[in-house]
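K.L.:
Read off the chains here:
2 protein chains.
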Amino acid sequence: MEAIKLDEGKMPVETKDGKIILIDQRKLPHAIEYFDATELEKMCFAIVDMVVRGAPSIGVAAALAMSAHLRDLALAGDRQPTLADLDAVKAKLDATRPTAVNLKWATGEVHAHAKKLIKEGIGKETFAEKIFQFAQDMLQDHLARNKKLSEFGQSIVPESARVITHCNAGSLATCGWGTALGVIKSAHLKGLNPRVFVDETRPRNQGSKLTMWELMQDGIPATLICDNMAGYLMNKNEVDLVITGADRIAANGDSANKIGTYSLAVLAHHHDVPFYIAAPLSTFDPEIATGSQIPIEFRNTDEVLQIEGQSVSLQGAEALNPAFDVTPNHLIKGIITEQGILRPPYTQSIKEALDRNSGERN
Amino acid sequence: MEAIKLDEGKMPVETKDGKIILIDQRKLPHAIEYFDATELEKMCFAIVDMVVRGAPSIGVAAALAMSAHLRDLALAGDRQPTLADLDAVKAKLDATRPTAVNLKWATGEVHAHAKKLIKEGIGKETFAEKIFQFAQDMLQDHLARNKKLSEFGQSIVPESARVITHCNAGSLATCGWGTALGVIKSAHLKGLNPRVFVDETRPRNQGSKLTMWELMQDGIPATLICDNMAGYLMNKNEVDLVITGADRIAANGDSANKIGTYSLAVLAHHHDVPFYIAAPLSTFDPEIATGSQIPIEFRNTDEVLQIEGQSVSLQGAEALNPAFDVTPNHLIKGIITEQGILRPPYTQSIKEALDRNSGERN
Chain P
13 MEAIKLDEGK MPVETKDGKI ILIDQRKLPH AIEYFDATEL EKMCFAIVDM
63 VVRGAPSIGV AAALAMSAHL RDLALAGDRQ PTLADLDAVK AKLDATRPTA
113 VNLKWATGEV HAHAKKLIKE GIGKETFAEK IFQFAQDMLQ DHLARNKKLS
163 EFGQSIVPES ARVITHCNAG SLATCGWGTA LGVIKSAHLK GLNPRVFVDE
213 TRPRNQGSKL TMWELMQDGI PATLICDNMA GYLMNKNEVD LVITGADRIA
263 ANGDSANKIG TYSLAVLAHH HDVPFYIAAP LSTFDPEIAT GSQIPIEFRN
313 TDEVLQIEGQ SVSLQGAEAL NPAFDVTPNH LIKGIITEQG ILRPPYTQSI
363 KEALDRNSGE RN
Chain S
13 MEAIKLDEGK MPVETKDGKI ILIDQRKLPH AIEYFDATEL EKMCFAIVDM
63 VVRGAPSIGV AAALAMSAHL RDLALAGDRQ PTLADLDAVK AKLDATRPTA
113 VNLKWATGEV HAHAKKLIKE GIGKETFAEK IFQFAQDMLQ DHLARNKKLS
163 EFGQSIVPES ARVITHCNAG SLATCGWGTA LGVIKSAHLK GLNPRVFVDE
213 TRPRNQGSKL TMWELMQDGI PATLICDNMA GYLMNKNEVD LVITGADRIA
263 ANGDSANKIG TYSLAVLAHH HDVPFYIAAP LSTFDPEIAT GSQIPIEFRN
313 TDEVLQIEGQ SVSLQGAEAL NPAFDVTPNH LIKGIITEQG ILRPPYTQSI
363 KEALDRNSGE RN
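Order-wise, the sequence lines are chains P and S.
Using my numbering, you'd call the opening residue of the first sequence number 13 and step up by one each time.
Using my numbering, you'd call the opening residue of the second sequence number 13 and step up by one each time.
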């Protein structure tokens with residue numbers, strides 16, 4: 013597979029001389045700093061503290077961390093890792109963040125491949141090389157899938173579309189081209205002149221910090237808004253389309269994404285503005301029937317009580333900080349994937365897409 | 013009329029020895045500082061920069077500033093102010109903020125009373141005393157109306173109600189008891205155990221800073237949320253009621269209020285949660301037929317691009333900052349006023365309430 017060229021300084025997860033290097037997304041857009049997450053403990057911290065974030069990026073980062081850990085175990089010891097080793101490292105990484113499924117999917121892929129390599133009875137050096145290469149290939153595969161997904165997305169972007177997006181589903185979140193932002197970026201490169209309203213996305217402000225940064229780098233017209241302004245704009249007929257990413261999609265199409273996505277979907281529904289999700293198939297969790305079974309992560313309430321480290325409320329104030337919400341399938345006009353745009357009834361279209369995908373990979 | 017006792021340190025506008033003293037609401041909740049706005053220029057700055065904010069508080073503050081200015085004109089000169097003087101000072105104050113109508117209503121009241129006093133041909137010392145007393149009486153009248161409105165509001169607050177409110181419609185905004193928060197405060201004092209989810213209300217965070225402060229001072233259980241979490245909570249059946257204030261209400265009930273109120277009203281409608289406005293009759297603008305005629309103030313985009321003075325996006329990033337939006341009458345279950353709870357059809361109920369009010373005052 014041909015590697016996709018990425019803009020300088022926009023690659024959230026990279027490997028260099030066997031190390032795993034992350035862009036520290038906590039520091040953007042004010043500084044581009046790198047974070048060495050080769051050690052398992054460092055990667056766990058990086059995921060929890062959101063040095064790396066975005067469901068697909070987390071997945072790839074975790075796959076690399078798991079494979080690097082297995083590689084180093086193999087090279088340091090006198091034998092290949094055991095199944096117990098595989099289970100332990102997977103469990104440790106999976107526990108870092110509960111909502112996005114790409115994490116568990118990615119560690120599951122590494123787990124399965126490592127198990128296969130162990131069965132083959134290859135030497136520990138070969139094992140070490142092959143398992144790390146496998147995760148690096150996953151990264152490249154992700155990039156290709158994002159681009160394919162973005163191409164499929166073009167059919168739903170009208171010329172000069174005014175699009176609202178929430179959080180960051182761009183290069184930083186997805187290890188490459190982007191999903192929601194990938195669709196917009198491809199439309200821009202095609203000369204369709206999209207223009208984006210960017211929800212700031214409280215409490216972590218991934219919209220104002222990351223999405224604005226990516227769009228401005230790509231020269232795509234972007235206007236920052238507070239999350240509570242989306243309804244105002246829709247009511248003024250200033251929005252043609254809403255596209256967001258997703259962190260986990262149930263078998264029936266119910267989609268978990270950054271907190272605020274559900275409110276945006278309800279507003280879009282009320283104003284008859286089409287609401288789309290863009291996500292690779294690794295975001296789907298066919299083992300979960302509906303969105304009610306998706307675990308929602310509650311993060312530290314300091315994220316709400318403080319902004320940029322400064323208190324905006326009172327000592328001892330109570331706050332709530334659900335990091336995600338679930339948008340029910342009936343509010344979603346379509347789900348843009350690398351197997352085309354899935355339409356309702358989702359239980360059927362999702363199953364078909366996953367079957368096709370699995371057929372192509374086998 | 014008996015003066016209503018207010019909690020220490022919570023009076024946003026006060027007079028002392030002929031001076032007009034404001035709590036500097038920009039500094040809350042971290043510091044209680046006072047701002048002398050006796051001079052007209054100082055008051056204009058205070059309103060524009062939101063030292064004093066909240067439609068009813070702005071109205072009372074402007075009435076006091078106008079009367080103090082006319083008083084000082086009279087005392088400094090050798091004659092009573094002229095009609096041209098009245099027009100000039102009213103125009104200057106009215107130009108400070110365009111959306112809230114209480115400002116124009118209040119300066120109109122002072123204008124009419126000053127005109128009447130001038131016609132009576134009283135001496136300039138008597139004029140000076142009477143015109144300032146008139147504005148001080150308006151302040152007391154406001155307090156009484158807030159309490160009355162809050163009493164009427166009790167009929168729509170169920171026991172142990174979980175209420176969402178947006179922005180600040182408490183003592184600070186309304187020169188006394190509060191409108192939306194007044195209803196909640198009265199319910200709390202009656203032992204109805206309301207519990208409040210407070211929208212932080214970006215970009216100025218009046219929710220996290222002012223509403224949380226007031227509720228915590230009053231011992232009312234309060235939980236701070238980001239504006240984009242309201243839909244999540246409604247979807248979980250954790251909200252029984254939404255109450256907000258208003259900055260201007262058209263003859264048909266369409267209501268302008270802090271940006272985000274409209275989105276909240278749409279969400280409430282979608283989840284069948286009753287959405288109420290609480291506002292004194294001075295907030296109504298019967299000369300405006302529908303909400304589309306209400307001018308929306310656009311404030312400096314730095315309020316969106318920066319949080320607490322720190323940049324959260326990029327140099328040169330574009331942003332949008334409408335300070336208000338308009339909620340159409342069909343999304344409003346009722347408007348709580350000092351003349352009872354107005355119900356649809358609003359064109360009729362609003363006219364009747366304004367007529368009753370005007371009858372009582374004459």
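FYI, nobody ran anything at the bench for these hints, they're computed from the structure.
Where hints are given, some of them may not hold.
The list treats identical chains as one, so a pair stands whether inside a single copy or across any two.
Unchecked claim - Lysine-lysine pairs mimicking DSBU-like chemistry, simulated, CA-CA at most 35 angstroms apart:
| id | residue 1 | residue 2 |
| --- | --- | --- |
| 1 | 104 | 202 |
| 2 | 363 | 248 |
| 3 | 131 | 104 |
| 4 | 345 | 116 |
| 5 | 248 | 102 |
| 6 | 248 | 136 |
| 7 | 202 | 54 |
| 8 | 54 | 131 |
| 9 | 248 | 104 |
| 10 | 248 | 345 |
| 11 | 131 | 248 |
| 12 | 39 | 127 |
| 13 | 248 | 128 |
| 14 | 248 | 116 |
| 15 | 128 | 345 |
| 16 | 39 | 131 |
| 17 | 202 | 131 |
| 18 | 345 | 31 |
| 19 | 202 | 127 |
| 20 | 345 | 127 |
| 21 | 54 | 102 |
| 22 | 142 | 131 |
| 23 | 116 | 102 |
| 24 | 39 | 363 |
All of these numbers come straight from a predicted model, not from anything done at the bench.
K.L.:
Are the hints correct? Go through all of them and say.
P.N.:
Outcome of the hint check:
1. In the homo-oligomer, the alpha carbons of residue 104 and residue 202 never lie at most 35 angstroms apart, since the shortest distance is 43 angstroms inside one protomer and 51 angstroms across protomers.
2. With identical chains, the CA atoms of residue 363 and residue 248 are at most 35 angstroms apart between copies only, with a shortest distance of 28 angstroms across copies and 38 angstroms within one.
3. With identical chains, the CA atoms of residue 131 and residue 104 are at most 35 angstroms apart within one copy only, with a shortest distance of 23 angstroms there and 84 angstroms across copies.
4. For the identical chains of this complex, residue 345 and residue 116 are intra-copy neighbours only, at 27 angstroms inside a copy versus 46 angstroms across copies, given an alpha-carbon limit of 35 angstroms.
5. Within a single copy, residue 248 and residue 102 get their C-alpha atoms only as close as 49 angstroms, which misses the 35 angstroms cut-off; across copies the closest is 32 angstroms, which meets it.
6. Proximity of residue 248 and residue 136 under a CA criterion of 35 angstroms is satisfied in neither setting, with 63 angstroms inside one chain copy and 51 angstroms between copies.
7. For a Cα distance limit of 35 angstroms, the shortest separation of residue 202 from residue 54 qualifies neither inside one copy, at 40 angstroms, nor across copies, at 54 angstroms.
8. Taking CA atoms no more than 35 angstroms apart as the test, residue 54 paired with residue 131 passes inside one copy only; the shortest distance there is 29 angstroms, against 81 angstroms between copies.
9. In this assembly of identical chains, residue 248 and residue 104 lie within 35 angstroms of each other by CA distance solely across copies; the values are 31 angstroms between and 48 angstroms within a copy.
10. Taking the shortest alpha-carbon separations for residue 248 and residue 345, both the intra-copy value of 21 angstroms and the inter-copy value of 23 angstroms come in at or below 35 angstroms.
11. In this assembly of identical chains, the alpha carbons of residue 131 and residue 248 never lie at most 35 angstroms apart, being 62 angstroms within a copy and 48 angstroms across copies at closest.
12. Taking identical chains as interchangeable, the C-alpha atoms of residue 39 and residue 127 are never at most 35 angstroms apart, the minima being 37 angstroms within one chain and 60 angstroms between chains.
13. Taking the closest pair of Cα atoms, residue 248 and residue 128 never come within 35 angstroms of each other, the shortest separation being 57 angstroms inside a single copy and 44 angstroms across copies.
14. Within a single copy, residue 248 and residue 116 get their C-alpha atoms only as close as 42 angstroms, which misses the 35 angstroms cut-off; across copies the closest is 26 angstroms, which meets it.
15. Taking CA atoms no more than 35 angstroms apart as the test, residue 128 paired with residue 345 passes in neither setting, with 40 angstroms inside one copy and 63 angstroms between copies.
16. In the homo-oligomer, the alpha carbons of residue 39 and residue 131 never lie at most 35 angstroms apart, since the shortest distance is 43 angstroms inside one protomer and 67 angstroms across protomers.
17. In the homo-oligomer, the alpha carbons of residue 202 and residue 131 never lie at most 35 angstroms apart, since the shortest distance is 48 angstroms inside one protomer and 72 angstroms across protomers.
18. In this assembly of identical chains, residue 345 and residue 31 lie within 35 angstroms of each other by CA distance neither inside one copy nor across copies; the values are 41 angstroms within and 60 angstroms between.
19. When the C-alpha separation of residue 202 and residue 127 is checked against a cutoff of 35 angstroms, the pair qualifies neither within a copy, at 44 angstroms, nor between copies, at 66 angstroms.
20. In this assembly of identical chains, the alpha carbons of residue 345 and residue 127 never lie at most 35 angstroms apart, being 40 angstroms within a copy and 61 angstroms across copies at closest.
21. For the homomeric pair residue 54 and residue 102, the shortest alpha-carbon distance inside one copy (15 angstroms) is at most 35 angstroms, but the shortest distance between copies (64 angstroms) is not.
22. Proximity of residue 142 and residue 131 under a CA criterion of 35 angstroms is satisfied intra-copy only: 13 angstroms inside one chain copy versus 97 angstroms between copies.
23. For the homomeric pair residue 116 and residue 102, the shortest alpha-carbon distance inside one copy (8 angstroms) is at most 35 angstroms, but the shortest distance between copies (65 angstroms) is not.
24. Taking the shortest Cα distances, residue 39 and residue 363 never come within 35 angstroms of each other, neither inside one copy (39 angstroms) nor across copies (56 angstroms).
Going down the numbered hints, you'll see the structure goes against 1, 6, 7, 11, 12, 13, 15, 16, 17, 18, 19, 20, 24, while the others check out.
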